[in-house]
Each structure stands twice: as C-alpha cells, then as structure tokens.
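**Q** Keeping their order, the protein sequence lines are chains A and B. With the numbering used here, the residue at position 453 of the first sequence is 454, and numbering never jumps. With the numbering used here, the residue at position 281 of the second sequence is 283, and numbering never jumps.
Hints in this document: simulated from the structure, not taken from any laboratory. Note that CB positions come from ideal geometry on N, CA and C, so glycine has one too. Any given hint could turn out to be false.
What the hints assert, rightly or not - Examples of chain B residues lying across from chain A (beta carbon under 10 Å, computed):
id	residue
1	115
2	163
3	167
4	260
5	263
6	264
As the list claims (entries may be wrong) - Okay, derived cross-link-like pairs now, DMTMM-like style, lysine to aspartate or glutamate, Cα gap no bigger than 20 Å in a straight line:
id	chain 1	residue 1	chain 2	residue 2
7	B	96	B	81
8	B	109	B	81
9	B	232	B	214
10	A	310	B	280
11	A	310	B	214
12	A	386	B	166
13	A	35	A	444
14	B	253	B	228
15	B	86	B	204
16	B	215	B	204
17	B	241	B	11
18	B	294	B	280
19	B	100	A	295
20	B	86	B	11
21	B	109	B	52
22	B	109	A	522
23	B	136	A	295
24	B	146	B	157
25	B	241	B	90
26	A	228	B	81
27	B	253	B	204
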Amino acid sequence: MDYLKKYPKLFQWLFLLIIFFALCFSIDVPETYKFIRGQAEFVKDPNQSTYVFLGKEVRYYAFDVFWRLPPLLGWLPIWINDSLFFLMNEWMPMEFWNEDTQEYKTRPLVLEISRTLTSFMTFLIFLIRETLLGGLETIVAFTSWDWIDKNPWAELPGLPWTIVAAGFAILSYKLSGKGLAIFAGLVMVYISIFGQWKPSMQTLSFILVAAPLSFIFGLGLGVAAYKSKRVEKALYPILLVMQTMPQYAVLVPALVLFGVGDHAAVIITMIVAVPPMILLTLLGLRAVPPEVIEAGRMSGCNNWQLMTKVLIPTARRDILIGVNQVIMVCFSMAVISAFIGAKGLGFNLLLALNQLNIGLALEAGLCISLIAILLDKMSLAWANKQTDYFGNLTFYQRNKNSLFFGASVIVGIILAYVGTFIFKDTFNYLFEVPHNKGISTADFWNKGVDWIFDTFFVYIKAFNTWLIVEVLQPMRALYLRMPAVATLVLVVGAGYLIGGIRSALVVFGLTLFIALSPWWDRALVTTYMATFGVIMSCAIGFTVGTLCFQSKRAAAFMLGVCDIFQTFPSFVYLIPVMMLFGITDTSVLIAVIVYATIPATRYTIEGLRSVPAGLHDAATMSGVNKFQRLTKIEFPLAFPHMMLGLNQTIVFALFMVIIGAFIGTEDLGQYILKALSDKNGAGIGLTLGICVAFIGLIFDNLIRTWVGQRKKHLGID
Amino acid sequence: MSEPVIKCENVYKIFGANAEKMLQESNGNVDAKTFQDNGCIVGVNNASFEVSKGEMLVVMGLSGSGKSTLLRCISRLTDATGGKIFIEGQDLLKLNNKELIDLRRNKMGMVFQSFALLPHKTVVENIAFPLQIKGIKTEDSISKAMDMVKLVGLDGRENYFPRELSGGQQQRVGIARSLAVEPDIWFLDEPFSALDPLIRKEMQDEFLRLQEKLQKTIMFITHDFDEALKLADRIAIMKDGIIEQLDTPAKIVLNPATEYVRKFTEEVPREKVLLIEDVMDTSNTENVGDLKVSKDEVIENVAEKILSQEKTVAVTDENNKVIGSINPTKIINTVFGGRKNSN
C-alpha cells in the first residue's frame, strides 16, 4: 500500500499494461485473418464486404470490430481523387485568351492556374539552367521556334565551369573565409572532373528557383502569423503535419495538379520548404526584445518601417537559419523529386539504383553529399556573419569580391576560348566536362561491391537470416497480433496518464484516423520497423553521446559529424546499405538506424551539455565521482532534452522507413511508391502520407507533453 | 504657471480580458484583489499628476509596482484602460495612429533599461535612426547624429557596432538616440539599472550635466531610491499600481505619507538630501549669532560649521535677507533623530 502511495504513476502504468495484455489475449486472431499483400480496393473477391458512402463503393475484408476496425474512411482517398479530378477538369470553366492560337479557349479555372504556374516555373528553371549550361528555351520563350530557326546563333551559351567554380569560391570567401573558399573550389573541381557537372547544375538551378520562392513565401507567411493570432492558429496544424509528413508522400498529389517534371517538383518543394521558414521567422520575430520594438515605436516608426527596419534586421540570424533550412529541404527534395521526373543528380542516382549499378550511384551520392555540405556551410556562414562597417574602406576594399568575380569571368571565357583550340577533336574540357566523360570510379566501386559480396556473402547472409528469422519476423508478428481495440486503449491510456484528457483525446483522434483507414496493418508494419530502428538508434546514440560527452573535444567532433551527416538527403543513405546488404529488409533497417542515430546522439550531447556549470561544481564539491555525477545529476537534468531527441529520432526513423520502400518493404511506404506510378494515386498517396504523419504526431504529442511537464517540474527552460 | 507638459487624470491600466468592463462597473474604486479574482491584473491604479516644463519627475517603485506600465501609458506604447492623458494640452488617447507617430517623431524621446539598440546598425546609424525614420536625408541625419555622438562623449566610436561597446557606452548611444530629434519630453525607463554601480554613478552625473544644458521635461523611472533622491525635482513613489506619495525629495524624507514610504526613507542619509530650508525655524529671526548660512545649502555641507557654534545660526535667502534660524540641536535631531536604529 505504501508503494502505491509513493509511486502512483507506476501503478497506473502497470494497470494500463495489464488491461492491454488482457485485451490482447482475450481477443483471438480470426481464422480468416491474413496479412493482405494486395490492395483490397483493387481486388474483386466474393469474401469482401462492401459499403457505399458519398457515392463511392468501398470494399474490404471484414473482421470482428475488436480485432480490426472496418475501414470507414476507405472512401476518403477515392473522394480526394474524384474531387481533384473534378477541380482540375470540370470546375468553373472559363474563357482564356491563348497567345499561340490567337483565340479564346474554354478551360477549367484550376487547370488554367496550374498550367500558368507551371509555365512560369518552367521559364524560371530554364532561365537559370541555361545561364549555367546553355540552351534555347529561354530565348524561345520571348520569341518563337520559327525565329530561332532563322537565327541559329541565338542561344544562351552557358557559363564555363571555371567561372561557376570561381564564383562559388569567391562567395564562400566573402561569407566565411579562406577555409570554406578552398572547400568550395575543390568541390566544384571534383564535380567537374568526375563528369557530374551537368546534373549538378540542373540540381542547382532547381534549388536556385525553389529556395528564393520558398523564402519569400515563408517570410511573408511568418510575418503574417506574427502579426495575427488568427493566421497563426490557421497555419499551426498544417505546419505540424508537414513536419512529420514524409516528403515522399506530398509528391503524389503534385503529379495530378502539375504533371511530371522539374516545375511540378519546384512547386511541391515549396510546399515542403515553406513550413520551416515560417516557423523560424516566427521564432526570430518573437525573440526580438520587446524594448527594441518599443524603441522603434518611440522613434516614430510606422508598422511597415517597424517590420522592415527594426524587426526583420534584428531577427536576421533566425531568419537566415530559416534560409539554411529552406536550402537543405530544397536540396533533399531536389533529389527525391527524381521520382516525378525532376532532372539532376537525384535522377541519375535513381537510375543507377534501379540498374543496381552501385558504383554510379555512389558517385552521384558522393556528389550530392558534397554539394549538401557546401550549401549547408555556406548558408550557415551567412547566418552567422555579422554586419561589418564599410564606410571608411577604399573602393577596392569595398568591391574586392565583385572585382575578383569580374576577373574570373574574363579569365574563364578566355580559358574556354583557348580550350577550343587545345581540344579541337574532343570535348572542350575547359568549357564543360560532359556527363560521364570525366574520370569515372564506378567500375572500381562495382568491383569493390562484388568483392565484398564474394568474400563476405556467407557471413552477411547468415547475419541477415538470423536477424530476419530470430528478431524481425517475431517482432512483426507481435505487432500484427495486437487487436485494434487493445492498441487504441494502450495509446489513449498513455495519453491520459501523460497529459490528461486533452492529450488522450488528441492521440485517440490521430490513432482512430489510421485505424479507420484501409491500411491499419501496413501502419503496424511501419511502426514495427520504426520502433526497431528507434530502439537501436537510441541505444547507440545515447551510449555514443554519453561517451563523447566525457571529453570536450570528442563532443565537439561528434556534433560536427552529426552536422555533416544530417545534411545528406535521406535517399543517399540507401546506397551504402544496398552495397553491403543487398535488397533486403535488413538494408532498410540499417539505413534507418544510421539515419536516426544522428538526432539521438546530438540531443544526448546537447542535453548533457546544457546542465548548468554551477550544478556541476556543486556536485563535485559534494564529493561525487564521475559516474555518480552522471547518474544523479546530469542524466536526470538532461533527460527532457534527450527525450526531445527521441522525438526527432522517431521522425527520422519514420522518414527513412518510408523511403526504404524503394528497396522493398511491406508497409505504408510501399503503397506510397505504388501511388506515385498510378494515375489515380493522388488520394491514396495523400491519405497514406497523413497516416504516416499521424503516427509521428502521436509520439510527438506524448513526448512533448511529457517533456513540458518534466521541464516545469525541474524548473528548467 | 503655464500649462503642464504632461497631465494625467485618473489613469488606470488593467490587464485582462474584461478589464474595460470591470473598470466601468467599479466606478473608479479599483480593488486589486477583486480584479485578480476575475483574472485581471491592475497595472496602474488611479494615477493623477502633472509635470511642468523643464521639471524632472522620478517615478520610483519596486518591480511590479506599475511604474514602467505608467510610463508606457504616457508614451502610449500601451493604451490606458481608463482616465485621460494630456501632452501639452493634446488628449493623447484621442490621437489617431498618424498623429501619434508625428508626436513621437517630434516631441518624445525614450531611453530603455536594456538599451534596445539595433544590432545591425553602427553607433552613428543607431542615433540617426529616428531622424531617418522621419524622412530626413541620410547626410543631414548623419551629421546631426555626429553632434549627438559628441554630446554624449562617444567621439571616435561612431562606427562601432553595439556588440563592441560596454554597457555604459551602449546606454550613451541610447541616450543620444532618444535626444536626436530634439524632443521636448524625455522618458527614461530605468536607464542605469543594468549598469555596474561605478558606471551608474558616472552616468547619473553625466545625465545631470546634460539636463542642466537641455532643460527637458523628464519622466524618469527607477527602482533605486537613492537615484531618485539624487536626480529628482519631485518623486512619485508607487506600490501595487497606486502612487503612494508624490512630493519633493525633502518632503518625502521628512514626512513619509505611508508606512511603505517610511521604510524607504529610514536608511536615507538625511544630511545629504535635506536643505537648510527644509529644517529651519522661520518663527525666530531675531535672536541669532553672527554666522549666516544660505537656505539652499545641503545640511551635510554646513553641519560642521553650525555645530561648532554656541548660538543659533541665521538662515538667509538669495538676497542675503535673514528668513529664519537653525540651532545645533535641530541639526543633531534631524540627522540622527528620525532614523531608527536598525541594530
């Protein structure tokens, strides 16, 4: 009885678990139940039950409601699809003037808007792409194909790669200094020499369009949300869902609305990249000290002056961190958008992976990683750069960088011109190294992979089999064995114990949505893979983090490593695991573990670091040894922050599990991948994405609520 | 006397959802407790006072006493819930946004506790900021700002960024910025509270020097009673949103209106605050010795002289006419008598 009073929470949790297991054991697996591999809605089977809602027929395999809830939301994807189709093809037909045919044409409004947007984006992308690589399209946009035929000289020539490389180096020098300039130069030379110039510039042009647009929209919406509570409230749920929604899943509706290609990818990238920009703008503006705002007001600023001259410049750093986020999201989207036909490095990577040419994939992947690091470092340097005073500098000092760039343009052009004489019979290497005409290491890597397979195949296979048979299969079976009702009780109970009625209701709603969708089984598989990844990641991350924390230098080094790894688009992680483990679930899980270990490690170190120095000293003076200090002082205080790390770990793991579908898994991701190649996939893809986002949000809600209470209790933050 | 520059009539500031309605229902009888029970917090409770031209009113109170809120009502950084505020006869609460901006651009300057400088602008750009906001050309505003830089003694540092300055220097920039538009009314919100004691004293002296020269109408907020005594023409002592007493430093020290005010005055070295005028005996101008002291002397400065006399000492006004007297016993009583021994 004393125990009960002393640890009431513990007993509440025990009680919850007992109910959960009681439900699990009392509800039997129906004899007809099997894991449905095909999509129920496309299979006609007399065993299926059907119902009609909103004119849509939904077919499904019926079970006892305690075991699996019927897919009462099964109409949703079909309905989304039909609505989209209606919007695009039938809603509000209007007359539009067509420039080419010189006549009015009737088109539905949304279709016209989407086509206008599309052609605008296409123009922007080609403008930048052709400045970098040369081409016709931009000039055609202002004239016509006939005109080009008559004037064959009219073509954007493209910049020689030397100029672009010099430009990057000079910009890096301006932002950060010599170190970054050298790195930038080397990366550019590497890209060029290894024949990745064209796809790299394609990817870059994609980012140069998507990032500024995302920045403008993000800043605008961030400012609007700052000024009006109502806008913020309206945006908040969208921001929340977008944070946990796999980037993959938003691609699907983009296909329907904007078609295939770079333009569609840019538009959809904006949808993904704007939310972090909004959040960081809001954060930055909120952090402006109230007295600075008052000082602005007392200086007689009107609202516009206050925003542009006081608030935004003061919040500069946070806003530029937002720019960094935008660039990184755009970059990772540029890679993933290969699935909807965006050109560039991602496309080559996807192609190579599809052909199982690990060597080529590795080359593209290396390029992607290098550019990612470069862009990340450059934009961070920009954010951290402080304004300098230029008033008393000479003209040369002030315009040094522009002058150097001007000089490099001239030198680059001369070099390219000279190149036409040197490389008369082959490609002009001083102008542009053509794709796959550079040095290729693909064969080397492919041989390496073959060697690894030849040498270690037995061991890898044995490990693989052991893992799948002994660990993964039983775990998966356990997850699938959970009756829907028991799962709901467990989740809602956890919500209630952690955050009271409110939390319980939120997680109940989120879980119910998934349970009523047609993909509950798949969601369980996704959760099982994510859980396995998260457990391993946390075990590794917490251990590594704690060990590294013991030495200042090791901690700084580890954080640096985390920084670098975090910049890689998630897709890149699939290359080395496929190289080592082939196409199996193990590969996916290992990618998940590697990827999700990053936040686990980072937050552990950060959490331990954030323990105040005063407490440290106080503990030492109380005569604790290192281990006691760790367990009695540092862990309890760092724990809330480490739990936030767990939250991130879960999100990262979910993302990777979904992308892992590319290798082949049987979860929600597999369907998202299928939806990508299905012309009626928009509704399915979107609903699946929401399901994944909701899985993330359930954990997000529980962890955040707990952390908030814990921090309040400890009096930190 | 001419019209007061700042005039407040029954100003209330109450935070909370139904503040306005509750204030109307209370008929001016605001009880903090009842308001708190209804989810409202009383910031300023029935403040009425006037500040005349060239006068320095120091509002003193501990944190949460509503002194900063009062200042923000008068600068209209927040809108008062009830009452009237007049700036040079203009009804402040009736101004529209444009008129308010005009008023701030030309008539008001404000200094902040945390300096509130713009981190991306240099010293001179920060000072020129209010001028540029007004629409003055860059060169003119910079040259004007340079005058201000000299006024506060920061020459040679005009191209530094705030991050490169010490706290005292940053506050000099803040002061210069608030003076750049040559305002008539100067608000200072705990300007020296974030500074180290030595720097604080230096800045107070600097401030007095400036005020001597500029003769602005000032509202100065502080939580430091000594600072208030040192600077003020008149002091308003606030507690829980209510002005407990508003008077000259000497009268507050001699006649604290409430127990709360008395606690502040207990530890005050009276000889440093009070003038001979405040303690002299005006009924006796006949039976005096040869020594004469001016009524405007601070007691500390003349105490030794007076105490060395056997007889009563004559007090004179500026025309050297005897207007009263003071005897050594009175000095001893003033300095030691009213003070409770805390040991």
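**Q** Taking the hints in turn, state whether each one holds.
**A** Hint by hint, here is what the structure shows:
{"no.": "1", "hint": "115", "result": "holds (7 Å)"}
{"no.": "2", "hint": "163", "result": "holds (7 Å)"}
{"no.": "3", "hint": "167", "result": "violated (13 Å)"}
{"no.": "4", "hint": "260", "result": "violated (31 Å)"}
{"no.": "5", "hint": "263", "result": "violated (29 Å)"}
{"no.": "6", "hint": "264", "result": "violated (33 Å)"}
{"no.": "7", "hint": "B:96 <-> B:81", "result": "holds (11 Å)"}
{"no.": "8", "hint": "B:109 <-> B:81", "result": "holds (18 Å)"}
{"no.": "9", "hint": "B:232 <-> B:214", "result": "holds (14 Å)"}
{"no.": "10", "hint": "A:310 <-> B:280", "result": "violated (51 Å)"}
{"no.": "11", "hint": "A:310 <-> B:214", "result": "violated (34 Å)"}
{"no.": "12", "hint": "A:386 <-> B:166", "result": "holds (15 Å)"}
{"no.": "13", "hint": "A:35 <-> A:444", "result": "violated (45 Å)"}
{"no.": "14", "hint": "B:253 <-> B:228", "result": "holds (15 Å)"}
{"no.": "15", "hint": "B:86 <-> B:204", "result": "violated (37 Å)"}
{"no.": "16", "hint": "B:215 <-> B:204", "result": "holds (17 Å)"}
{"no.": "17", "hint": "B:241 <-> B:11", "result": "holds (18 Å)"}
{"no.": "18", "hint": "B:294 <-> B:280", "result": "holds (16 Å)"}
{"no.": "19", "hint": "B:100 <-> A:295", "result": "holds (17 Å)"}
{"no.": "20", "hint": "B:86 <-> B:11", "result": "holds (5 Å)"}
{"no.": "21", "hint": "B:109 <-> B:52", "result": "holds (17 Å)"}
{"no.": "22", "hint": "B:109 <-> A:522", "result": "violated (71 Å)"}
{"no.": "23", "hint": "B:136 <-> A:295", "result": "holds (16 Å)"}
{"no.": "24", "hint": "B:146 <-> B:157", "result": "holds (13 Å)"}
{"no.": "25", "hint": "B:241 <-> B:90", "result": "violated (27 Å)"}
{"no.": "26", "hint": "A:228 <-> B:81", "result": "holds (18 Å)"}
{"no.": "27", "hint": "B:253 <-> B:204", "result": "violated (27 Å)"}
Comparing the model with each earlier hint shows violations of hints 3, 4, 5, 6, 10, 11, 13, 15, 22, 25 and 27; every other hint is respected.
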